[in-house]
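Novice: Sequence:
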Amino acid sequence: MASKKGFWRSDWFVGLVISIAFLLMAGSTWINGLERFAYDIGVRATAQEAGNDIAVIAIDDESIENLGRWPWPRDILAGMINRLAEGGARVIGNTILLSEAQIDPGLKQLNDIIAFYENSDLRSAGGPLQELERRLYEARAALDTDSRLAESMQNAGNVVMGMQFNISRKGAPIGKPDEPLPEYVRRNRIENVTTAGQSGSPLPVDAATPPLAQLGQETSGIGHLINLRDPDGGVRTELLTVDYYGEIYPSLALMIAARGLNLTAEDIRLESGRAVHLGKLSILTDPISRMYPAFYQNQGQREAFPVDSFFDVYTEKVPVEKYQDRIVLIGATAFGVGTSFPTPIAEGMSPVLLLAHTVASILNQDFFVVPDWALIASGAAFLLVALFLILLLPRLSAGMAALVSVALLVVLIAVSEFLLIAEGQWVELMLPSALLVCGYLLLISKRFLVTERGMIRSEEKSAESNRMLGIQFQQQGQLDMALEKFRQCPLDDDMMEPLYNLALDFERKRQFNKAASVYEYMATYSTKYRDLKDRIKRSKAMQDTFVFGGAVTAAGTMVLDVDGVQKPMLGRYQVEKELGKGAMGTVYQGRDPKINRIVAIKTLALSEEFEGDELEEAKSRFFREAETAGRLTHPNIVTIYDAGEEHDLAYIAMEFLKGHDLNPFTKPDGLLPVPQVIKMIMTAADALGYAHSENVVHRDIKPANIMYDPETEKIKITDFGIARITDSSKTKTGMILGTPSYMSPEQLSGKKVSGQSDLFSLSIMFFELLCGRLPFEGDSMTALMFQIANEPHPDIMAIRENLPPCVVAILNKGLQKNPDDRFRGGEEMAEYLRKCLTSCETG
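Residue numbering for the sequence shown follows the numbering used here, beginning at 173 and increasing consecutively.
Honestly, the hints are just simulated from the structure, not real lab data.
We treat Cβ as the ideally placed atom computed from N, Cα and C, and that holds for glycine.
A portion of the hints provided could be inaccurate.
Listed below are the simulated DSSO-like cross-link pairs for lysine-lysine, each with C-alpha atoms no more than 30 Å apart in a straight line [unchecked claim]:
(1) LYS494 / LYS452
(2) LYS753 / LYS700
(3) LYS753 / LYS791
(4) LYS839 / LYS700
(5) LYS830 / LYS766
Restraint ranges, calculated between C-beta atoms of paired labels, are given here [claimed, not checked]:
(6) ALA713 / ASP665: 38 to 48 Å
(7) SER200 / ASP665: 23 to 33 Å
(8) ALA546 / GLY418: 28 to 38 Å
(9) LEU400 / ASP544: 15 to 25 Å
(10) LYS348 / PRO243: 30 to 40 Å
(11) SER698 / PRO840: 45 to 55 Å
(12) LEU400 / LEU453: 16 to 26 Å
(13) LYS348 / ALA579: 52 to 62 Å
(14) LYS700 / ARG945: 52 to 62 Å
(15) ASP665 / ALA961: 38 to 48 Å
(16) VAL576 / ASP402: 28 to 38 Å
(17) ALA217 / VAL576: 48 to 58 Å
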């Protein structure tokens, strides 16, 4: 029942609401703006060329600057028409409105004088008065620019003019106009009109401003100059015909195109609501007789249409032969003269250039159409997107939802642009595209918010669970696990008490570095909790002095240094500072206060690897090995002083050595001289031979376990017996103790090892000290172990040339897979090395 009551919260219902909202927005300014934006992109992407049939003569700023302010005397236009007629222009298209007479201020007075002269007796007097009469008539002709323009148009016989109609705001006008249009206008009407079963009719107009009769009677065609603007102010269409009280009149572009084909209005046929036929050409239109013309872009340095300055042509700077057999359009492009229109290819385009694009589009048959099935396709795309949002998107994962949504959006946009560019068909798909984008964002946002609230509730439950688990781990002594769980809880007032108690437990275990870490974590929330500042200061002082894990001694013994900072005691040894960390424990510098001797203390946290009976067995074996190693007395083996245990922490006190291990000398840029390396390995082999004679096998020979004192150039082997603490050389977690890169094949396979195993490891170290790389390397532990057990070692001479042959022979024998094929003991290997060293020194 709860789900039924809350159905309005479900994703499918939200998708349905979004779809309905977008359906109601169809035709809105926002959606139409998106459609026009996509249309403009497609138009700009087309690559048609305008051709060479059309030229433009621009009344530009240069022309006005040189010929005077606009409007000019009409005899200037007459002179241009005369020049174009002489040049053989096929059609002259004039976009300048010439609906009123242009009367010179002195013409009226001159006409009055001529009328007086003609009505007086002076005309019959003859003599000088005849010369006066001639001059009067010449003066009148010079001032009557309309007559001169009409004469030039008559002589040219191919001038097409524009006239203005007003679009009816109340639908088709009823009745008849106040005055019929002049016959010179009506002879341009289209009488061949058919319906062909199509719905639609030309846009109705209810007022007209015809050209001046004196000029209109001399034109070869008249067309309307209406430019329909879209809501964004742009012009993307051409209104080919208009309906004036039942009479159909063409546009100026259509009339110019007709005259360019030597056709008249009688050759134009209107298929109402579908097309306009111009001779054999057909221009598909929408129901109100609009066409969607192409807009031609410049081709590199070549302009779509040649544009010349009126002044340059008028003053014969441009030869008129250029316009032979061309359609020449005359119009204003100067700033402040006329207006300009945004188009798909330009922010501002003058009417004469817009006319050029339209005429070329008609003649070239380059135009876009809205196919009959466009509305069905748009509706189907909208329905598809709506179903996707309602039914499919709520079922998809976030990643798949994004992938499918992006793919669907790309398909919609690609189909829309492909139809425009390749097929010249405009199918509006921006409404479903916008629905897809907004629907996806809203649904994903809703899902995220719901999921976020769920995550908050889940985190609250998880925090309480982690808090309880942390307390349980703390009670069991697993302090690290407890800290991990506590850190997964939000740090607030409720968590300060458990964290404080945990830090105290770390202090009791002398893990002051971890205690300090907990205190500092608490300080990020509040530094005023209890004695937190003092605890942080004390823990940092303790961890700067020593860092090791373990339990307090039975007596809880602590000593104070001169600064009053407590230092722990391990057995009778005072811990001073950390020297380093190893695979099994940490090494500290300590002091035996009874005899004031500096010692090295190696600690092993056996309780972290073993439990129950295994722990007791590990302790027993540790002390047996420590006792065995303690019996070794050799100048090149570290001396063991003592071994002990404090609860879960075992330790060995041994000789404190100066210098450092041999690891720095295994790098290619830190190699020692060959004789020095031979001497080191010889000394180590001697020491191992002694240990093996005492039935002690090291099991972990590597550069890190051999200390070198640069002052005395002596080496000492450390960590005898550590690798035998566990059975089969493995910890309870399955990790192999020791370093696999230096192990012998028998050690890796878990077989019983002898002194030959140490000599194999020593030979690997010998190889590495000589050339700066290990003989066996692998991308994984398995690959490394396989190489050591099965594959021969590489030829060291291929890595480092000019090594003594005796070195190669010793390496080849020491790195044999079978222990019986190696040296019989350390003494034998040392003897070979001693002879090799003598050979090197004597050359």
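Novice: A separate judgement is required for each hint: does it hold in the structure or not?
Specialist: Cross-check of the supplied hints:
1. LYS494 / LYS452: Judged against 30 Å, a Cα distance of about 28 Å means the pair holds.
2. LYS753 / LYS700: This hinted pair is violated, its Cα atoms lying about 35 Å apart.
3. LYS753 / LYS791: With a Cα-Cα distance of about 20 Å, the restraint between LYS753 and LYS791 holds, given a limit of 30 Å.
4. LYS839 / LYS700: Between LYS839 and LYS700 the Cα gap is close to 51 Å, so the pair fails against 30 Å, i.e. violated.
5. LYS830 / LYS766: holds (22 Å)
6. ALA713 / ASP665: 38 to 48 Å: The hint (38 to 48 Å, Cβ to Cβ) is violated, given that ALA713 and ASP665 are roughly 28 Å apart.
7. SER200 / ASP665: 23 to 33 Å: Hint violated: Cβ distance 54 Å, outside 23 to 33 Å.
8. ALA546 / GLY418: 28 to 38 Å: holds (30 Å)
9. LEU400 / ASP544: 15 to 25 Å: holds (22 Å)
10. LYS348 / PRO243: 30 to 40 Å: holds (34 Å)
11. SER698 / PRO840: 45 to 55 Å: Since SER698 and PRO840 have Cβ atoms about 53 Å apart, the given range 45 to 55 Å holds.
12. LEU400 / LEU453: 16 to 26 Å: holds (22 Å)
13. LYS348 / ALA579: 52 to 62 Å: holds (60 Å)
14. LYS700 / ARG945: 52 to 62 Å: holds (57 Å)
15. ASP665 / ALA961: 38 to 48 Å: violated (59 Å)
16. VAL576 / ASP402: 28 to 38 Å: holds (34 Å)
17. ALA217 / VAL576: 48 to 58 Å: Because 27 Å falls outside the window, the suggested range is violated.
Comparing the model with each numbered hint stated earlier shows that hints 2, 4, 6, 7, 15, 17 do not hold.
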